[in-house]
Amino acid sequence: MDELRQAYIAESQELLASLEENLLGLEQNPADTDALNAVFRAAHTIKGGAGIVECDYIVEFTHVVENALDEARDGRIKLDGELIQLLLASGDQIARLLEFAIDPAARPDAATLARGEELLTGLRAYSLSKHTSSKHSSSKEAASDLAAASDAPLESSGGGMVGHDCWHISIRFGDNVLREGMDPLSFLRYLSGFGEIAHLTTLLDAMPDAEAMDPESCYMGFEIDFRADTSKEKIERVFDFVRDSCLLNILPPYSRISEYVALIMSLPEDTMRLGEILLQAGVITPIELNKSLETQGIESVEPHEVDHKAAPLGEILVEQHVVQKELVDAAVVKQAQVSDKKAQEAKLIRVHADKLDQLINLVGELVIAGASASLLAQKSKDEGMFEATSTISRLVDEIRDGALRLRMVQIGETFNRFHRVVRDVSRDIGKDIELVITGGDAELDKTVVEKLSDPLTHMVRNAIDHGIESADARIAAGKPARGRVHLNAFHESGSIVIEVADDGGGLKRERIKQKAVAKGLLAADAEPSDADLFKLLFEPGFSTADQISNLSGRGVGLDVVKRNIEALRGTATIDSQEGVGTTMSIRLPLTLAIIDGFLMGVSTSAYVVPLDMVEECIELKQGEKQSDVRTNVLNLRGQVLPLIRLREYFALAGPGGRRENVVVVKYAGDKAGLVVDELMGEFQTVIKPLGQIFEHLRGISGSTILGSGEVALILDVPSLIALATESESGRAFAPSLH
Amino acid sequence: MQDTSPPLALEGAVTIYVVQELKAQLLAGVRDNAELRLDLSQVTELDAAGLQLLYLAKREALKSGHALRIVAHSDAVREVIDLSNLNAYFGDPTLIPAQKPGRQPPISYS
Chain A
1 MDELRQAYIA ESQELLASLE ENLLGLEQNP ADTDALNAVF RAAHTIKGGA GIVECDYIVE
61 FTHVVENALD EARDGRIKLD GELIQLLLAS GDQIARLLEF AIDPAARPDA ATLARGEELL
121 TGLRAYSLSK HTSSKHSSSK EAASDLAAAS DAPLESSGGG MVGHDCWHIS IRFGDNVLRE
181 GMDPLSFLRY LSGFGEIAHL TTLLDAMPDA EAMDPESCYM GFEIDFRADT SKEKIERVFD
241 FVRDSCLLNI LPPYSRISEY VALIMSLPED TMRLGEILLQ AGVITPIELN KSLETQGIES
301 VEPHEVDHKA APLGEILVEQ HVVQKELVDA AVVKQAQVSD KKAQEAKLIR VHADKLDQLI
361 NLVGELVIAG ASASLLAQKS KDEGMFEATS TISRLVDEIR DGALRLRMVQ IGETFNRFHR
421 VVRDVSRDIG KDIELVITGG DAELDKTVVE KLSDPLTHMV RNAIDHGIES ADARIAAGKP
481 ARGRVHLNAF HESGSIVIEV ADDGGGLKRE RIKQKAVAKG LLAADAEPSD ADLFKLLFEP
541 GFSTADQISN LSGRGVGLDV VKRNIEALRG TATIDSQEGV GTTMSIRLPL TLAIIDGFLM
601 GVSTSAYVVP LDMVEECIEL KQGEKQSDVR TNVLNLRGQV LPLIRLREYF ALAGPGGRRE
661 NVVVVKYAGD KAGLVVDELM GEFQTVIKPL GQIFEHLRGI SGSTILGSGE VALILDVPSL
721 IALATESESG RAFAPSLH
Chain B
1001 MQDTSPPLAL EGAVTIYVVQ ELKAQLLAGV RDNAELRLDL SQVTELDAAG LQLLYLAKRE
1061 ALKSGHALRI VAHSDAVREV IDLSNLNAYF GDPTLIPAQK PGRQPPISYS
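Quick note, the sequences are listed as chains A and B, same order.
If you read the first sequence in my numbering, its first letter stands for residue 1, the second for the next number, and so on.
If you read the second sequence in my numbering, its first letter stands for residue 1001, the second for the next number, and so on.
Keep in mind that the hints were calculated from the coordinates and are not lab data.
Hints should not be assumed to be uniformly reliable.
Stated by the list, open to error - No farther apart than 16 Å at their CA atoms in a straight line, the calculated lysine to aspartate or glutamate pairs in the EDC-like style are these:
no. : chain 1 : residue 1 : chain 2 : residue 2
1   : B       : K1063     : A       : E211
2   : B       : K1063     : B       : E1035
3   : A       : K671      : A       : E710
4   : A       : K451      : A       : E413
5   : B       : K1023     : A       : D214
6   : A       : K446      : A       : D424
7   : A       : K621      : A       : E678
8   : A       : K508      : A       : D530
9   : A       : K479      : A       : E578
10  : A       : K234      : A       : E196
11  : B       : K1023     : A       : D209
12  : B       : K1023     : A       : E216
13  : B       : K1063     : A       : D209
14  : A       : K508      : A       : D472
15  : B       : K1063     : A       : D205
16  : A       : K519      : A       : E539
17  : B       : K1023     : A       : E211
Pulled out of the complex, with its shape left as it was, chain A reads as follows (with noise of 0.2 Å):
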């Protein structure tokens, strides 16, 4: 019961986000029938299933909405740019309404229903009175479309071979039931949703001579068999909303032959059709029911049909079943092609994060265990086992990236969110701005894009707000009216880098740096460059004092931005350039549980760095070594690299290595050599994250375990960097574990 609210939740959020593209897309284009059916559809649907779940103050609000959408698909209602806001508030409602879905038990407050009922009367003013009347009156108004926009996964249509493994559904359905609006075709998408239809039937034997038939009244009822893991009460709980007015009987699987005779008995409909349907799902063998009818007595029980029927029903059946078989074979040829669409869109299976996770974590212990096996076939010289321990951590190699790729998503459905974001704002403010995105195929990790969301915001309501200037300023600076605001994402050495870039007025360099003085974070005689300048912005509290000025209002908020990304081990930058515009750059790691890391060994201590931030290894050369002078620089072919000995920085006891080495690393475009003894090679490292204490240690960022059983410590490249970056321009070179 509960998956089954969980399913409906997660649907219904994605066929929100869907609804909120396609009226963005319909303000954009309003002639656009397909997304305006698409929007329907989704509201429809929406609608339907909280029938099933029995979320009534959905279904109510979802009503109005899906009335409103009907009458402008019909071109009653023209839908002008304060209905496509409407609607769109309305998607947000359904949104708050959706969170209280989860729990049976709840029921939305009286806040957010004044906010429904608010949005309720507007909708209504547009929608014109005569569609209140007739069809669409009765408060039950659950159509039932779970899947209503077609797509749902048919398992099975046709005539597949069926066990007893099925459960039997046989429903008639009430006259009224189409006219209170729902659809029992719905039924069985939604059936077909959670478990397989190994066989219907469609009778409509009930409906009367063609004079005597009313086209809104419903004559329709299944036989159902059904494959699925469940029970009664889930298959139930589907007809709910029909339950009153409906014929309805479930039997389980492996059911008894007489469970089903008697089934057949209750039934309204021929007893032969009936048993013919059984016959042809699959159910019971002719032999079983011509015995167990004969068995039953039916003579007893239908009186009227003793001399026509009793006798001759095995045969007859055993006649039909063969015809009904080749029947349903050329039903089943016709279906191949519409099938084979099917299964492809069936291809997409939901998972719960957690198994995930879980998966994800073993393969972490996996690798664990793997290296340390490797370490001791080394060790045993045992050519045979070093062989097969070899192809084991490469089999590894592969079930860990393809387990990381199963939490790898896009990015683009994160962007394309903030088409509604720049659409609001910028309409709140009055300003004109359009929205371009780029690279959003780029993915990353689950978690990092769910983090990510709320820091994205906060940069793009800046650059709106505060980046792109008014309509007037841009056109006396020869710029186009409409401003544009840029969001990208690209890969670079193993991380995501997504950018935020606006064609504004850009930072004003000077202001910064007075206000950076002035409020002590700079020396009054500095000349940082731009990017150190910068980053100033992301402190804390940097410019909330002069709330007018253009310069104040950017800085608004950074500092929160900086330090979600912090937490995401990535970091944020701001390049600008006055008049041109301004670009916050993003830079995150593309997972946060295993990466391949570069193993150093320093003294007796080892270490690791991402390999993908190790750019190239040289010797140290002996003068270099035995310099007195111990600079801390290198010359690495006519640059300047800044060294870091990881022996003094952490403060490591015991001589130095015969021979030393530099590892250049590389970080968003600063490069910094580490000294160490002896290199390593390349090393899977499952990150193990520090306890908390260590939350404020420079320089590392995690430990991880060796095959040996020994901790190594994962440096911290980007801080390291910025440390030797320091030391270079002759500040203090502080280690931070004396």
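Fit chain B to the given chain A structure using the hints.
Then chain B, alone, in the frame of chain A:
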């Protein structure tokens, strides 16, 4: 068999909202044509009410010895017919035995 008359084409959403009007049209079509061909390629939506109506038309055709053939399906129609497993019923009429008990109007017992 010669197809002389043009097919009867239904368009748009064949749903509860329109079945009342369609009923007369369809039944007349079945009555007046020895073979009525239905073009459903432009049907964007078919609900249970629409399906019932098609079923009725087919049944009337069978009863009067006329034929009703759906000559073109849209995806929406095909999906519904697949879903309801009525392919065989609407399909090639030669495959359906004319005198099948279940295909006839219900016999009332009691």
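Open item on the list: Name the hints, by number, that the structure is in violation of.
Closed with: Numbers 3, 6, 14, in rising order.
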